[in-house]
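2 protein chains.
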Amino acid sequence: MKNQPGAKPLILVVNDDGITAPGIRALVEAVRPLGDVVVVAPDSPQSGMGHAITINKPLRLQQVHLFEGIPSYHCSGTPADCVKIAVDKVMHRHPDLCVSGINHGSNSSINVLYSGTMSAAVEASLEGIPSVGFSLLDYSHDANFEGAAHYARIICRQILENGLAESSLLNVNIPNLATNDIKGIKICRQATAKWEEEYLQRQDPFGRDYYWLSGNFVNHDKGTDTDEWALAHGYVSIVPVQYDLTAHHGITHINSKWKL
Amino acid sequence: MKNQPGAKPLILVVNDDGITAPGIRALVEAVRPLGDVVVVAPDSPQSGMGHAITINKPLRLQQVHLFEGIPSYHCSGTPADCVKIAVDKVMHRHPDLCVSGINHGSNSSINVLYSGTMSAAVEASLEGIPSVGFSLLDYSHDANFEGAAHYARIICRQILENGLAESSLLNVNIPNLATNDIKGIKICRQATAKWEEEYLQRQDPFGRDYYWLSGNFVNHDKGTDTDEWALAHGYVSIVPVQYDLTAHHGITHINSKWKL
Numbered sequence: 000m001k002n003q004p005g006a007k008p009l010i011l012v013v014n015d016d017g018i019t020a021p022g023i024r025a026l027v028e029a030v031r032p033l034g035d036v037v038v039v040a041p042d043s044p045q046s047g048m049g050h051a052i053t054i055n056k057p058l059r060l061q062q063v064h065l066f067e068g069i070p071s072y073h074c075s076g077t078p079a080d081c082v083k084i085a086v087d088k089v090m091h092r093h094p095d096l097c098v099s100g101i102n103h104g105s106n107s108s109i110n111v112l113y114s115g116t117m118s119a120a121v122e123a124s125l126e127g128i129p130s131v132g133f134s135l136l137d138y139s140h141d142a143n144f145e146g147a148a149h150y151a152r153i154i155c156r157q158i159l160e161n162g163l164a165e166s167s168l169l170n171v172n173i174p175n176l177a178t179n180d181i182k183g184i185k186i187c188r189q190a191t192a193k194w195e196e197e198y199l200q201r202q203d204p205f206g207r208d209y210y211w212l213s214g215n216f217v218n219h220d221k222g223t224d225t226d227e228w229a230l231a232h233g234y235v236s237i238v239p240v241q242y243d244l245t246a247h248h249g250i251t252h253i254n255s256k257w258k259l
Numbered sequence: 000m001k002n003q004p005g006a007k008p009l010i011l012v013v014n015d016d017g018i019t020a021p022g023i024r025a026l027v028e029a030v031r032p033l034g035d036v037v038v039v040a041p042d043s044p045q046s047g048m049g050h051a052i053t054i055n056k057p058l059r060l061q062q063v064h065l066f067e068g069i070p071s072y073h074c075s076g077t078p079a080d081c082v083k084i085a086v087d088k089v090m091h092r093h094p095d096l097c098v099s100g101i102n103h104g105s106n107s108s109i110n111v112l113y114s115g116t117m118s119a120a121v122e123a124s125l126e127g128i129p130s131v132g133f134s135l136l137d138y139s140h141d142a143n144f145e146g147a148a149h150y151a152r153i154i155c156r157q158i159l160e161n162g163l164a165e166s167s168l169l170n171v172n173i174p175n176l177a178t179n180d181i182k183g184i185k186i187c188r189q190a191t192a193k194w195e196e197e198y199l200q201r202q203d204p205f206g207r208d209y210y211w212l213s214g215n216f217v218n219h220d221k222g223t224d225t226d227e228w229a230l231a232h233g234y235v236s237i238v239p240v241q242y243d244l245t246a247h248h249g250i251t252h253i254n255s256k257w258k259l
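Each protein sequence line maps, in turn, to chains A and B. So for the first sequence, numbering that gives the first Met the number 0 puts the first residue at 0; every next one is plus one. So for the second sequence, numbering that gives the first Met the number 0 puts the first residue at 0; every next one is plus one.
For the record, the hints were derived by calculation from the structure and aren't laboratory data. Be careful, since some hints might not be right.
Note: identical chains are not told apart, hence a pair may lie in one copy or across any two.
[What the hints assert, rightly or not] Dumping the calculated DSS-like pairs for lysine-lysine here, alpha-carbon to alpha-carbon at most 27 Å:
1. K56 with K193
2. K193 with K88
3. K221 with K182
4. K221 with K193
5. K88 with K56
6. K185 with K256
7. K185 with K221
8. K7 with K258
Starting from the given sequences, assemble the full structure and let the hints guide the process.
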């Protein structure tokens, strides 16, 4: 269904920390003045789910009453599932914007790959919905989302008014600072960083080993045009993201070096 | 640990259909003549897991004896988890190659995003290991992997001898044809296609609704340089893949159109 003339923008809100997380509440309030808001979010935390979708079992979808005046549903699936089922079963017309988050913790640099927050936004973009994921650099449940919500509203307004480039969406990270201490916004590229894993080995009461994922984030990319640089210097980082993963330099390599 | 002079290549095998799937057995046999092989794969099917990692619970890792003369372990985590824990806890030196699959079903075009097979390969590439995911265009458990295994060996030999471009890996899909009927290999870009979802709504014995993901794959990209074109015309498709998701055209859009 197309927008009626004069209709307010329709905004889908999703996240990966689950529908009861404080971060999604902050995002709902940030975008409430911008349009008609609908929430479809996981019924449990889904951090680190990447672009997982549920194909071997069915999904549940349940209306809940958590946000004053906002139609809201929780879903038993992943963040990407929430977007898919929202588009097919919940939204009465094509949304004008999908916002994901506000995530409790960073999704800068290579973390975009593991992020349920960003995968929900990617899924919306695949559905043709302008979309953006927001993450605050504070993993705690009781994080202060004031600065993040302030910038989320500014950025969402720009998307609604001035759009996004074709086949792209935004990965926005916000430093964990008071609103007035944030220096502004930088448009960035994804820093080339990595995780160095170290699994912690423990034993259960029956003498069997188990392993906890642990590790260190290592950034060797000193570029001042990266999201890591912006965040370390007190700026909100915006990285435009694409989902055409073709490595064109890799095509050149094979065509020139391989013997097929 | 560096390779000793004259040491055989060390090859890590992983998949997303689980360690008992026929596809991983075909891949183990395909790469067995090329080096020292180690298997670390999920203990249960993990299709559609995307780049999910396990952060809210610990992992189990258990040695098994499924492949004659090949050290093998199953892991309770996702395909990406298997690569991470293999590198940290199983492999005694840095692998020279990681192969993922052979997946039961296509991972061409946009399916790369949802694919556990490809996310394991991406994870290995992030760890600095040359890597490749293989997928056969046949979803059945009893698929014939002969053609896929034949081309997997050819491609792995090329990677070991002639390498990959920096920060790239390969997404290889194989048409479901007899080996002699496959026309050869095409180096491709990822086709711009999408899924149109349709959730099937059913009721459980207690009268509550549940939803099965269903849908149609729609390819509007008629490019003869795409993986979809190659596969439809009987060729093996190789798409070099990157994990820097920055949409540089999106940076230009914001810098020229937005009012920040």
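>> Regarding K7 and K258, is the shortest C-alpha distance of 27 Å or less found within a copy, between copies, in both, or in neither?
In response: Between. Shortest inter-copy distance 21 Å satisfies the 27 Å Cα cut-off; intra-copy 58 Å does not.
> What label fits K193 with K88 when the C-alpha limit is 27 Å: within, between, both, or neither?
Replying inline: Intra 38 Å, inter 18 Å, cutoff 27 Å: inter-copy only.
> Checking K221 and K193: alpha-carbon separation at most 27 Å within a copy, between copies, both or neither?
Replying inline: within (13 Å within a copy, 36 Å between copies)
> Within a copy, between copies, both or neither: where do K221 and K182 come within 27 Å Cα-Cα?
Replying inline: within (20 Å within a copy, 46 Å between copies)
> Between K88 and K56, at a C-alpha cutoff of 27 Å, which is it: within one copy, between copies, both, or neither?
Replying inline: Cα proximity of K88 and K56: one copy only (17 Å, versus 32 Å across).
>> I want to check one pair: K185 and K221. Are their C-alpha atoms no more than 27 Å apart within a copy, between two copies, both, or neither?
In response: Result: close within a single copy only, 16 Å intra versus 37 Å inter.
>> When Cα atoms must be at most 27 Å apart, do K185 and K256 count as within-copy, between-copy, both, or neither?
In response: between (39 Å within a copy, 15 Å between copies)
>> Checking an output row: K56 and K193, CA cutoff 27 Å. Within, between, both or neither?
In response: between (33 Å within a copy, 22 Å between copies)
Consistency with the previously given hints is maintained throughout, with no hint failing.
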